[in-house]
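Student: So you can see what is in the structure, the chains are spelled out below.
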Amino acid sequence: MRDRVLKLAELITTPLLPSDYLDLVDPLRSGADLRGRIEAVLPETRDAATIVIRPGRSWKGHTPGQYVRIGIDVDGVRQWRAYSLTSHLGRTDGCIAVTVKAIPDGKVSNHLVHRTKPGTIVQLDQATGEFVLPAERPAKALFVTAGSGITPVMGMLRNHRELADVVLVHSAPTRDDVVFGDELRALAADGRIRLIERHTDVDGMLDAAAIAELVPDLAERATWACGPVGMLEALEAHWAAAGLGDRLYSERFRPTVLVTGEGGTVSFTRNGTTLEADGATPILDAAEEAGVLMPSGCRMGICYGCVLPLREGAVRDLRNGEVTTAAPGDGVLIQTCVSAAAGACDIDH
Amino acid sequence: MTVLQKKSENPIAHLSAEDIEIIGKELDTIRQGVRDSLGEDDAAYIRRVIDVQRKLELGSRAALLVSMFPPAWVVGTIGLSVAKILENMEIGHNILHGQWDWMRDPKIHSTTWEWDMASPAEQWKHSHNELHHTYTNVIGKDNDLGYGIMRVDEDQRWHPLYLAQPLWNFINACFFEYGIAAYDLELGKNLATKKRRQDPAFRAATRQVLKKIRNQAGKDYVLHPLLSGPSFLPTLAANFTANVVRNLWSHSVIMCGHFPEGVETFEKKSIDGETRGEWYLRQMLGSANISGSKAMHIMTGNLSHQVEHHLFPDLPSNRYAEIAPKVKDIFDRYGLTYHSAPLYKQVASAWHKVIRLSLPNGWLAETTPKNAPAQVVKLVRMTTGGKKVRRELSRAAA
Numbered sequence: 497m498r499d500r501v502l503k504l505a506e507l508i509t510t511p512l513l514p515s516d517y518l519d520l521v522d523p524l525r526s527g528a529d530l531r532g533r534i535e536a537v538l539p540e541t542r543d544a545a546t547i548v549i550r551p552g553r554s555w556k557g558h559t560p561g562q563y564v565r566i567g568i569d570v571d572g573v574r575q576w577r578a579y580s581l582t583s584h585l586g587r588t589d590g591c592i593a594v595t596v597k598a599i600p601d602g603k604v605s606n607h608l609v610h611r612t613k614p615g616t617i618v619q620l621d622q623a624t625g626e627f628v629l630p631a632e633r634p635a636k637a638l639f640v641t642a643g644s645g646i647t648p649v650m651g652m653l654r655n656h657r658e659l660a661d662v663v664l665v666h667s668a669p670t671r672d673d674v675v676f677g678d679e680l681r682a683l684a685a686d687g688r689i690r691l692i693e694r695h696t697d698v699d700g701m702l703d704a705a706a707i708a709e710l711v712p713d714l715a716e717r718a719t720w721a722c723g724p725v726g727m728l729e730a731l732e733a734h735w736a737a738a739g740l741g742d743r744l745y746s747e748r749f750r751p752t753v754l755v756t757g758e759g760g761t762v763s764f765t766r767n768g769t770t771l772e773a774d775g776a777t778p779i780l781d782a783a784e785e786a787g788v789l790m791p792s793g794c795r796m797g798i799c800y801g802c803v804l805p806l807r808e809g810a811v812r813d814l815r816n817g818e819v820t821t822a823a824p825g826d827g828v829l830i831q832t833c834v835s836a837a838a839g840a841c842d843i844d845h
Numbered sequence: 215m216t217v218l219q220k221k222s223e224n225p226i227a228h229l230s231a232e233d234i235e236i237i238g239k240e241l242d243t244i245r246q247g248v249r250d251s252l253g254e255d256d257a258a259y260i261r262r263v264i265d266v267q268r269k270l271e272l273g274s275r276a277a278l279l280v281s282m283f284p285p286a287w288v289v290g291t292i293g294l295s296v297a298k299i300l301e302n303m304e305i306g307h308n309i310l311h312g313q314w315d316w317m318r319d320p321k322i323h324s325t326t327w328e329w330d331m332a333s334p335a336e337q338w339k340h341s342h343n344e345l346h347h348t349y350t351n352v353i354g355k356d357n358d359l360g361y362g363i364m365r366v367d368e369d370q371r372w373h374p375l376y377l378a379q380p381l382w383n384f385i386n387a388c389f390f391e392y393g394i395a396a397y398d399l400e401l402g403k404n405l406a407t408k409k410r411r412q413d414p415a416f417r418a419a420t421r422q423v424l425k426k427i428r429n430q431a432g433k434d435y436v437l438h439p440l441l442s443g444p445s446f447l448p449t450l451a452a453n454f455t456a457n458v459v460r461n462l463w464s465h466s467v468i469m470c471g472h473f474p475e476g477v478e479t480f481e482k483k484s485i486d487g488e489t490r491g492e493w494y495l496r497q498m499l500g501s502a503n504i505s506g507s508k509a510m511h512i513m514t515g516n517l518s519h520q521v522e523h524h525l526f527p528d529l530p531s532n533r534y535a536e537i538a539p540k541v542k543d544i545f546d547r548y549g550l551t552y553h554s555a556p557l558y559k560q561v562a563s564a565w566h567k568v569i570r571l572s573l574p575n576g577w578l579a580e581t582t583p584k585n586a587p588a589q590v591v592k593l594v595r596m597t598t599g600g601k602k603v604r605r606e607l608s609r610a611a612a
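Protein chains in written order, with the numbering used here: chain W, 497 to 845; chain U, 215 to 612.
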């Protein structure tokens, strides 16, 4: 019955869909594509702000530590980025919040922090991400964060008050640059966490070895780390060397480009577009530049929102240089945001 | 008119190959300037037009629910006609050109858009974007010239059948969307032989068109009238009227783009190895603008800036007005004619040409009130006589 009514409604609105008209009235209604309305932009530091968003009624909620992909129009162009959720789960107004740090030349982050106005409608995806606490909470936890790496951890600290023994080692350029600085210090003053702040302007970069000295019972702790790739790699190496590799969970914010491919001609078989891509540019960027409407997500190789089948050809993973090849007829799924052409490629799109 | 290459006075004879390439470079610069400055205001513009169009359509269709009351019928029919024109011209045509693809909004994108038109977007994009915009005004290549059913050039041999051409043109105008659908299917060519008729690709395309027409007609001529209950017939009449108004309007605008007197056509072999500069030049010579108010430009989908549109088919239509003076400046500096006239003049000019070419070459120009009877006799003889008579009489005229 419901299907019949829908079918009839579609015949009445053809060639558009009923939702095209309903969106005029209520873009956040249930059943609509998931969107959100920005309710407030709250400054945190000089270059970071918390964006409060009222999600559409299809929002399924999130687990602290997860991120959400947000599609926002910057200079008229739809851009998608992933940001960690920092809000309290039990907000009475039903809103969610992400905290964004404006990075130099960051088109989207600067727009969100400095120019976005309340009332703006943004596109959303459901929350996702593996950087969450296990159901059985660790007796002792260590968080190691740098810069905006604090954001998923703040989401956890705000919502997991049951964590009894928490150490947070956080690194930021100066005291004023610590996002949520006042709140973290208050938590420390209350005795809920032990806070170790490192200010790189005076203390230098956070050193993996130094953490062991700062946190003597490190081996007893489950550790969650989030920050720049260099820091994470140093931590991973250090934890592995200490035989604690399986006790460290890390979350990357940016892809590490290690290698470049050779480049080549990329053809999109269904769309009909053919373009020349160089070996340093992700296929996603090259295709968008050429006007192809591409699925996209975090743009750092973690969310798999950009995956498309490679029917034939070779691509190189920009993070590690690995080459993936597809023989004619194959449909090898590749992440276009971290893959560059390594020869001619036919992509099914 | 005759193809540019055969004219006694070639309007581009004064241009060197170098000039033509410089013109191309200048136009490239204009294009890049617009591309670089696209932003929030442009995005807001197309969203606003879409928003207004949808609300206007909803409001008009709501009024038609009670269209047994004449004022509701009048308001609803006018509103729906305008909404359908906006939807086809400023919104559909331009989105399907990819003018708004740069926004990366999947809801406003050439690959996802479908429009209120008998021809499915997919097929129209091929015949319009690929064929018409590439081979603009090349006789034998660009079927937009007369849609394959009209005599558009003195060099096409006259036949008595062409006498009915003004009538054809008018009927085609009234049911333009179906004409376009038939044309996108290349119906004439594909129905000609059994092999073509049975070609699976053609059959699939035909099924696609029929499904689209069924949906479109079902909406306007069955479902919405049914929703109107006692106003069934008035609603049906209103929807039919709105479709015909939209068809007549878009046909007129499109005829003005390439058909007014003075617009050039080109020989097939003239585009062999054509450079980018030469392609630009062909677009410049093969298009004509309509001058008028801002509202008129929007209602024509900015095809009133046909010259600019043909030079830069993928630039957002809201920018054509601002680059028009720069484009015209290039025409002026290089001694080329920038055709632009008010709508009524361009429509009259295009119709004059349709009528002139429906008659044997020179007939209309030679006819005066004095010699009219003799001319009519000659026309009757040419019409009823065979090929040989026609040839002799037209030679005598020349």
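Just so you know, the hints here were simulated from the structure itself, not pulled from any lab data.
Heads up, some of the hints might be wrong.
[Stated by the list, open to error] With a straight-line Cα cutoff of 25 Å, these simulated DSS-like cross-link-like pairs (lysine-lysine) come out:
hint	chain 1	residue 1	chain 2	residue 2
1	W	LYS556	U	LYS403
2	U	LYS409	U	LYS433
3	W	LYS503	U	LYS408
4	W	LYS503	U	LYS425
5	U	LYS220	U	LYS321
6	U	LYS409	U	LYS425
7	U	LYS409	W	LYS503
8	U	LYS339	U	LYS433
9	U	LYS433	U	LYS408
10	U	LYS269	U	LYS321
11	U	LYS403	U	LYS321
12	U	LYS540	U	LYS567
13	U	LYS482	U	LYS339
14	W	LYS503	U	LYS355
15	U	LYS269	U	LYS408
16	W	LYS603	U	LYS321
17	U	LYS321	W	LYS613
[Said to hold, decoys possible] Derived list of chain W stretches under chain U, where covered just means 3 residues or more per stretch with a C-beta under 8 Å from a C-beta of chain U:
hint	region
18	510 to 516
19	780 to 789
[To be verified] If you want a taste of the chain W side facing chain U, the calculated C-beta under 10 Å gives, among others:
hint	residue
20	ASP522
21	GLN575
22	ASP589
Source: prediction; values computed, not measured.
Ideal Cβ placement from N, Cα and C applies to all residues, glycine included.
Student: The structure should be examined with respect to each hint, and the outcome stated for every one.
Tutor: Now the hints, each set against the structure:
no. : hint                : verdict
1   : W:LYS556 / U:LYS403 : violated, 55 Å
2   : U:LYS409 / U:LYS433 : violated, 35 Å
3   : W:LYS503 / U:LYS408 : violated, 37 Å
4   : W:LYS503 / U:LYS425 : holds, 15 Å
5   : U:LYS220 / U:LYS321 : violated, 47 Å
6   : U:LYS409 / U:LYS425 : holds, 23 Å
7   : U:LYS409 / W:LYS503 : violated, 37 Å
8   : U:LYS339 / U:LYS433 : holds, 23 Å
9   : U:LYS433 / U:LYS408 : violated, 34 Å
10  : U:LYS269 / U:LYS321 : holds, 17 Å
11  : U:LYS403 / U:LYS321 : violated, 35 Å
12  : U:LYS540 / U:LYS567 : violated, 30 Å
13  : U:LYS482 / U:LYS339 : holds, 22 Å
14  : W:LYS503 / U:LYS355 : violated, 41 Å
15  : U:LYS269 / U:LYS408 : violated, 47 Å
16  : W:LYS603 / U:LYS321 : holds, 22 Å
17  : U:LYS321 / W:LYS613 : holds, 23 Å
18  : 510 to 516          : holds (count 4)
19  : 780 to 789          : holds (count 3)
20  : ASP522              : violated, 14 Å
21  : GLN575              : holds, 8 Å
22  : ASP589              : violated, 28 Å
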